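Novice: Each chain, letter by letter, is given below.
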Amino acid sequence: MIRILARYSILFVLTLLVLAVMSFSLAYLFPGDVLENLTGIVPANDAQRMALERQFRLDQSYIVQFFYYLTNLFAGDWGYSFTSGIELRDEIGVALPATIELATYSMVVALVIGIPLGYYSGMRCYSTSDYIINTSSITTYSFPVFWLALLLILVFSLQLDKAPLSGRVSLLFNVEPVSGFILLDILLSDMQNKSLAFKDALSHLTLPTIAIGAVSTASMVRITRRSVIDARHQPYIAAAVSRGLSGWQIFFRHILRNALLPILPLMAIQITTLITNTMIVETLFSWPGIGNWLIQAIYQRDYPALRVGMLAVSTLVITLTITVDMFNRLIDPSREKYEHAAI
Amino acid sequence: MPMLDIKNLTLEMHSSEGTIKALDKVNLTVSSGEIRALVGESGSGKSLIVSAICGALPSEWSLTADRMSWNGENLLGMSSQQRREVMRREIAVVFQDPQTSLDPSATLGEQLEESIPSEFVQGRWFWQRAQQRKKIAISTVHKVGIKHHKHYLSAYPHQIPSDIGQKFMIAMALVSQPTLLIADDPTRGMEPTTKTQILKLFTRLNQTRSLSILFVSHDLLAIASMSHTMTVLYAGQTVESGKMKHIKKRPLHPYTKALLDSAPSFRKDLSPKSHLPTIAGSIPTLQHLPIGCRLGPRCPRAQRACVQTPAVRRIHDHSYSCHYPLHMEKL
Numbered sequence: 000m001i002r003i004l005a006r007y008s009i010l011f012v013l014t015l016l017v018l019a020v021m022s023f024s025l026a027y028l029f030p031g032d033v034l035e036n037l038t039g040i041v042p043a044n045d046a047q048r049m050a051l052e053r054q055f056r057l058d059q060s061y062i063v064q065f066f067y068y069l070t071n072l073f074a075g076d077w078g079y080s081f082t083s084g085i086e087l088r089d090e091i092g093v094a095l096p097a098t099i100e101l102a103t104y105s106m107v108v109a110l111v112i113g114i115p116l117g118y119y120s121g122m123r124c125y126s127t128s129d130y131i132i133n134t135s136s137i138t139t140y141s142f143p144v145f146w147l148a149l150l151l152i153l154v155f156s157l158q159l160d161k162a163p164l165s166g167r168v169s170l171l172f173n174v175e176p177v178s179g180f181i182l183l184d185i186l187l188s189d190m191q192n193k194s195l196a197f198k199d200a201l202s203h204l205t206l207p208t209i210a211i212g213a214v215s216t217a218s219m220v221r222i223t224r225r226s227v228i229d230a231r232h233q234p235y236i237a238a239a240v241s242r243g244l245s246g247w248q249i250f251f252r253h254i255l256r257n258a259l260l261p262i263l264p265l266m267a268i269q270i271t272t273l274i275t276n277t278m279i280v281e282t283l284f285s286w287p288g289i290g291n292w293l294i295q296a297i298y299q300r301d302y303p304a305l306r307v308g309m310l311a312v313s314t315l316v317i318t319l320t321i322t323v324d325m326f327n328r329l330i331d332p333s334r335e336k337y338e339h340a341a342i
Numbered sequence: 000m001p002m003l004d005i006k007n008l009t010l011e012m013h014s015s016e017g018t019i020k021a022l023d024k025v026n027l028t029v030s031s032g033e034i035r036a037l038v039g040e041s042g043s044g045k046s047l048i049v050s051a052i053c054g055a056l057p058s059e060w061s062l063t064a065d066r067m068s069w070n071g072e073n074l075l076g077m078s079s080q081q082r083r084e085v086m087r088r089e090i091a092v093v094f095q096d097p098q099t100s101l102d103p104s105a106t107l108g109e110q111l112e113e114s115i116p117s118e119f120v121q122g123r124w125f126w127q128r129a130q131q132r133k134k135i136a137i138s139t140v141h142k143v144g145i146k147h148h149k150h151y152l153s154a155y156p157h158q159i160p161s162d163i164g165q166k167f168m169i170a171m172a173l174v175s176q177p178t179l180l181i182a183d184d185p186t187r188g189m190e191p192t193t194k195t196q197i198l199k200l201f202t203r204l205n206q207t208r209s210l211s212i213l214f215v216s217h218d219l220l221a222i223a224s225m226s227h228t229m230t231v232l233y234a235g236q237t238v239e240s241g242k243m244k245h246i247k248k249r250p251l252h253p254y255t256k257a258l259l260d261s262a263p264s265f266r267k268d269l270s271p272k273s274h275l276p277t278i279a280g281s282i283p284t285l286q287h288l289p290i291g292c293r294l295g296p297r298c299p300r301a302q303r304a305c306v307q308t309p310a311v312r313r314i315h316d317h318s319y320s321c322h323y324p325l326h327m328e329k330l
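Protein sequences, first through last, are from chains A and B.
Taken in order, the first sequence gives residues 0 to 342; the numbers are from numbering that gives the first Met the number 0.
Taken in order, the second sequence gives residues 0 to 330; the numbers are from numbering that gives the first Met the number 0.
Treat the hints as calculated values from the structure; they're not laboratory data.
Note that the structure is predicted; figures quoted are calculated from it, not measured.
Glycine included, every Cβ here is placed at the ideal spot set by N, Cα and C.
Zero decoy hints are in this set.
Just a sample of chain A residues kept apart from chain B, beta carbon distances all over 12 Å, derived:
(1) V20
(2) F65
(3) Y68
(4) I99
(5) P143
(6) T205
(7) R225
(8) I317
(9) V323
Using C-beta positions, here's what the derived DEER-type ranges look like:
(10) A:F326 with B:F125: 29 to 35 Å
(11) A:G92 with B:R128: 51 to 57 Å
(12) B:S281 with A:W247: 44 to 50 Å
(13) A:T127 with B:L288: 33 to 39 Å
(14) A:W247 with B:S261: 45 to 51 Å
(15) B:K146 with A:I1: 30 to 36 Å
(16) A:L28 with B:Q98: 49 to 55 Å
(17) B:S281 with A:V111: 51 to 57 Å
(18) B:K146 with A:L187: 58 to 64 Å
(19) A:S245 with B:R208: 25 to 31 Å
(20) B:S58 with A:F326: 34 to 40 Å
(21) B:L325 with A:S128: 55 to 61 Å
(22) A:V316 with B:S58: 42 to 48 Å
Only chain B is shown next, with the shape it has when bound in the complex (with noise of 0.2 Å):
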């Protein structure tokens, strides 16, 4: 059974305009000790998702899903004590943007402390605590290969890099020993040597604490690298999603096709000079999507049926939503 199981998961934001719909109808799970790549463009509702399994999301948006279970628990029906439990203990996140989502007020050694559960410090009086919960911060620091502890424990966030700043969110996420770790788009703007580091971290964590990680990213060459499985998204609906190694090697969805397609990394028979094959158009916007399959306009397969939202379908453990997938070759 899956540790984090999302069925149908449907967010509708009310505007002047109507309701929108930024996801529809979105399947995720992972399962304990993968690592799941969650993947799309910007836009494409990653983060949406992320906000909706930690439930970080505006009250005025209704968030609607079949099944939205954690080891089994109702993560939606759940009093907010349990869900605050829960993400205390259990699940963490380390958020897209280190500089907004850290306090700018308060040091960042102040901010690790503070998200070390109390079970993990002992000692009769708060002076032996806190010196404990010191010792925690910068042993975790120390983890996430941050050097100087002295120095940027008590820096404020404005004034660190802002590498240091992604490496003190896995810090923070890491500190409270999770089960799930979800990491929305955690290498975003680091060079090559950090963003190894930082992998190569995740990976390490996945196979000595098996340690399930939610991978949300577009960085398609860190992703095929490390995950286990994969989820494409595109503008709010999942479009496949299996294992990585049967998407890599034959992906059923035109759209997975064309993302594969469009990162050179994936191609060995790619000519010199030669264009990167794309598909026209672009990522529509919320207020302008399409009914039915939201690739249809831009899809070179699409006939008239993609007006209807296609179902879900499986082969195996590899689920794809598409009218005429690749497989098909009856047009």
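The following block holds chain A by itself, in its conformation from the complex (with noise of 0.2 Å):
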């Protein structure tokens, strides 16, 4: 048990570190001066340069240079927006919340509805029901999601102009952030009108979930029913029909569980998906999450917002990625001999 927890740390800090690595060197690899990329500052004279660079430590090597930019991000010293001025660390510690609150959503929108659709169909192999399941899941997950989106749009706010077309909440309610989640927060907070606003941050909720959810449930169906029919195959399954148990125990004693298994792993796959389409889906819908702010500062060339940006949304990735696997490690018991951690 120590060990497994020991050796998912050290996978965890390696790959954390190589990801500082890359977002140090984002810096060099940059167009333009190192020193302006930076600060964001065009020295006026020669003596101004040197006190900047040696502010910046970039007189020397890049060795410490590296470890200046690591004591930095551990100390919380993560520079400040060139286009709104702001410490990069309170924005992102608004931004991130709300690309994480919109995937939670969506993940428990795609674990409700496409598992129990994946179990169904399993079970039910090659007949009508799965093969309309089946197929349904497959023209889902062939939408692309930017296009899902501007059509969700299209038709519910624009046409039937039955749901807000962007933003987290209405500009009339003023939530207190709090947890960084809008849905707490309100509930948290001592507003007069909360189950107005309740209401009002669910109806912005609804159609950018339904976008990223569509995805990840086509998704979980399809690896669902493979894992059931595949614990379907087992000879155990065959044994167990002759040992004379009834379809149910079979199913809660001995499929559940096997079918369930191999899920895990690949749940963390979608992970990363999950996140990109939020990303995706956040810049179609204004919600102010790290996809959109990341899209303003390409545009606006916001170099450190890039290079905090990028390693504050890969080390979500990572983190989730290998909490999942580690999840799954100890929970499986097949899985002992298995020595060593792996993403």
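Once you've looked at the hints, go ahead and assemble the two chains, each given alone in its own frame, into the complex.
Specialist: Set out below in structure tokens:
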């Protein structure tokens, strides 16, 4: 147990270190002068340039610069945005939870709808209902996310006027950010018309969640279905049949758990796609998340923001992936023989 | 009347090259209280017969039989509910490979306890029943010769050695107190001492509880020491079947003779360092089955008539299917 945790934490730290190296080297890979990219200041004379270089350790070796960067990151000094002049840490602190919130709801939708549907069609494989579920999941899976989002906006916001076009919550409501999750914040706040604000936030959430969740649900259905079919053809199911167990007993005692075990690592892979999709859809719905924020940073050539934003997003993805994989490793008894951790 | 009576069991698999008869008119009977050995090379369809009896064949294969009855009831015509009841209470199966036949995500104890029929456990409350299930599980495990029940009942299938796994499969089969035990190669890959233990256990069960056993194996020595009757299978056809002592003394089918001759322990006259007699060639694959008698191309006594499938002939309770059996010397 402790060995597993140690292995996974070593993997985690090493991966983060590689990411930090990459994000550090970005400053040198961006076009233009390194000093200007980092500070956003065009030095007027040589004296000012020298002073700035000394302040940002640019006069010293790459190694020293990298460690200076690392200490800054740990100290919470992530630099300032060119465009807004606000500390990047505060900006990311607002944008990242918004993305996580959207991704979480989509994942919940995918799990709640996708897994039961997958089980159903896997148990009834090659029947009419299975074909219907399978066909619709392939169709949904093939939709490009941005196109589906645009279609949803076109139909539900512009034509039917059922849902708001963009944003997180109506500007009428002033929600204090505590956790960063809008629904939670509304519940925690002490405003007068809480239920109205909650309803409004929900209506803002619905369309982006559907847009992101549809693809995740479809892939969840397909993964679960395959896994259930594979589990049903295992020899131990035939052995259970020959022991005279009933269909329900076989499903609950043998198929349910064995089909679920291979789904978890595949879910870890899905997380990457999910975050990417969320970042794309955010831009379309003007959701104030990290994807939207990064796009704006690219437009403005906001190099420090890009550098730290990329690090933040990749840290999120790596953390989720490794956590899910470790969880799977801990609950699956037959994976004890695999010593090494892997992403 | 035999307990299990199978006549002309045919299993057809449908592939892109047409239908393949994996089993061709197989006859098999098991009477009450006897140990029937089912012998054949790997790939001769032994395990398919076992799966056919317990109804675990994929539904896309078509299974037909003139008769397939269990205590006079037609197994093929039963509803799945009735069939399950038969499998739960009366027939028990020990599968070939314990590692794959046990659920990898559940402990052995859980799997053993779920095989206990609910009639065996009394008690008003579920904890009383659970306690009783546990008691039955422990005593069954002791019966098959596993001593450390505490360790093994809470182990997962990948944590145990394969002979313990095999004993566990036997325990799971015996816990429902069946009248017929089908053992599909139960001693495969076991060391001789464990093998002897298992075979002794089978013999004892047969004698004390008059448990009928269908013993599927290719270990001729084990079969000869314990079974009363024997059925020989070749490439999905029954070749010869009868009392063990008759077959051993005087096999009628060329294949049975070759099979017995190839086992050194049956030959007393074998001189040292001499070659074991074998018949040329190897068992045909399912895609290239010969027509008629499937031994035909390899048989030393084959003649033109062998392209027709020979009918089953019988002398008392010894039946064989061959056009030119060994007791007819005129060739």
